[in-house]
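Chain by chain, the residues:
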Amino acid sequence: MPADAKHLAARRELAQGISAVERPGPAANQRIQEALAASTADARNALVVGLTGAPGAGKSSLAAALADVARAGGRRVAILAIDPSSHESGGALLGDRVRIDEHPDDDGRFTRSIATRGSGRSLAHVAAAATILVEAAGFDLIFVETVGAGQAEIGIARLADVLLVVEGPEGGDEVQAMKAGILEVADIVAVNKSDRPGAQAAFDRLRSGLALGAGAPELALVSATAGAGISELLATIDDVGAGRGVRGRIRRVEAHLVAAAESHVDAQVREARASGALTTRAEQIVAGTQSLTGSLTALFGISETPDA
Amino acid sequence: MAERTTPIRVLIAKPGLDGHDRGAKVLARGLRDEGFEVIYTGLRRTLDAIVAAAIEEDVDVVGCSILSGAHATLLPKLAASLRASGATDVLVVAGGIIPEADRPELEQAGISGIFGPGTTIAEVATFLRANARRR
Ligand code: B12
Ligand SMILES: Nc1nc2c(ncn2[C@@H]2O[C@H](COP(=O)(O)OP(=O)(O)O)[C@@H](O)[C@H]2O)c(=O)[nH]1
Ligand SMILES: [Mg+2]
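So the sequences go chain by chain: A and B.
Each residue of the first sequence is one higher than the one before, counting from 1 in my numbering.
Each residue of the second sequence is one higher than the one before, counting from 1001 in my numbering.
Derived from the structure by calculation, the hints contain no laboratory data.
It cannot be assumed that every hint is accurate.
If you anchor each label on the Cβ, the simulated ranges turn out as follows [said to hold, decoys possible]: (1) E88(A) x I1097(B): 28 to 36 Å; (2) T1088(B) x P306(A): 52 to 60 Å; (3) P306(A) x T1120(B): 53 to 61 Å; (4) T1088(B) x S208(A): 52 to 60 Å; (5) I154(A) x A1084(B): 41 to 49 Å; (6) T1088(B) x S86(A): 29 to 37 Å.
Here are the simulated SDA-like cross-link-like pairs (lysine to any residue), alpha carbons at most 25 Å apart as the crow flies [to be verified]: (7) K1025(B) x G56(A); (8) K1025(B) x E13(A); (9) K1025(B) x A10(A); (10) K1025(B) x T1046(B); (11) K1077(B) x R12(A); (12) K1025(B) x E102(A); (13) K1077(B) x A10(A); (14) K1077(B) x E13(A); (15) K1025(B) x S61(A); (16) K1077(B) x R1022(B); (17) K1025(B) x G1042(B); (18) K1025(B) x A1084(B); (19) K1025(B) x A1070(B); (20) K1077(B) x G227(A); (21) K1025(B) x F1127(B); (22) K1025(B) x P55(A); (23) K1025(B) x G90(A); (24) K1077(B) x E102(A).
Facing chain B, a subset of chain A residues (Cβ under 8 Å, in silico) [said to hold, decoys possible]: (25) A9; (26) Q33; (27) V98; (28) F110.
The beta-carbon is built from N, C-alpha and C at its ideal position, and this holds for glycine as well.
Put together the whole structure using the sequences plus the hints.
Next up, the structure:
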């Protein structure tokens, strides 16, 4: 039986909208504003849940498992899976759908793979805009998956209402040693793969390590593939996310404004490199024939005001 | 025609029960290295699932890898479903074990390119760049 054309029309419109806002500019901004107006008119209030953690920790599997539980409860659920673009080719291999079951006949689900493209910061520039469009399309719960790497974590922490850090059974020790930064912004840390040996021990290590600090994240021990602890984790997510009201949407707009500014600068940097202007200027500065301040203006239109 | 400002998006799909995924993976990685955004669905997807994924991902190309011999039934259905769901400007290509004799009928059904064993990534990339929709 061929997929029903009318059935897919709403999803196609949303999908094309996301593609459109992947090209930054006035048209994208107009579309985002329309989406915001629609969400406000409909009194929408989507919960945006960020998932971050090392590759292979089980972020996609866990997003899919949480989505299943939420969908069974009648909520409309979307997953946005962000993966890095190759710096060399500009291409990307987006494989998260492998872990996410397809539901071709269910308009209450939507999955989109997003490449970071020009974002030097590894959370895609389009991430905030995409969540705004998805919310306007009537999705109540939006999972945003991103590989945990440096700056991306801060980006996703700013964008999401609830930030979930996913750890494999090997985690726990290195969490505290290496990831102090992420634990400051995490709302929940989930140790995944509880069906595997070592997961309980990792969870215990994490709990004893985190018990010390005030404002420590919630902890969960789950198995995405065996379905253990998923309903409980969703309940924790809802608790943490409760009562944020319109603030969530305001934060998404903040994130978009920052992303648009970054995108602009990133494009200028790329252009300055590609044209050779960056190197030329640097040579001139070293030779003493150009100033740093003047070069910032010439290359990027930045005019620094002198310190008072 | 205007130069594209964004990478070409390609869905690499494995329909049906065919478990041969080496070619699909080689292609997915190779096209990534050629600058494409490749969405890989994994094994054993139904045609409806592939159509829905193509719509949600707003891809420019759907590429099916079939080594099971089921191409003659699967590919025309897939092309028809895609058209029926409004994806009229999406390029549909296929690869794997597809005998020469079956190709004219598949081309008739809207499969624009068919690539067998020994195909290089560069050949596929060149074909997709020349034939994928512009935007
Ligand atoms: C390796 C292999 C296997 C491996 C697969 C491992 C894996 N994970 O992929 C194993 C051992 C598991 C296997 C099992 C079987 N196999 Co086998 N297998 C092969 C073999 C020897 C090579 C396939 C391969 O990996 N080639 C390397 C890759 C890189 O090449 P490729 O897939 O052709 O892809 C290239 C192009 O075709 C093209 N391409 C491919 N897909 C796409 C998609 C797009 C969009 C584009 C643009 C291009 C493109 O680009 C790629 C790069 O050049 C072939 C014979 C052959 N010479 O092809 C038989 C073959 C495919 N197998 C065959 C059979 C019958 C089977 C089994 C049914 C055997 C059995 N009785 O158990 C099982 C079925 C398994 C299953 N669940 O489906 C038959 C199929 C017959 C047919 N279609 O009429 C073949 C042709 C052997 C034969 N001559 O009989 N097999
Ligand atoms: N045993 C076990 N494996 C899991 C679990 N969750 C995910 N996996 C596996 O871990 C691998 C990576 O999962 P994936 O969701 O792609 O991780 P991601 O890279 O963080 O998105 C896959 O092989 C999954 O099947 C789990 O709860 N238990
Ligand atoms: Mg993933």
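Task: Index of numbered hints that the structure contradicts, given in increasing order - done: 8, 9, 18, 20, 26
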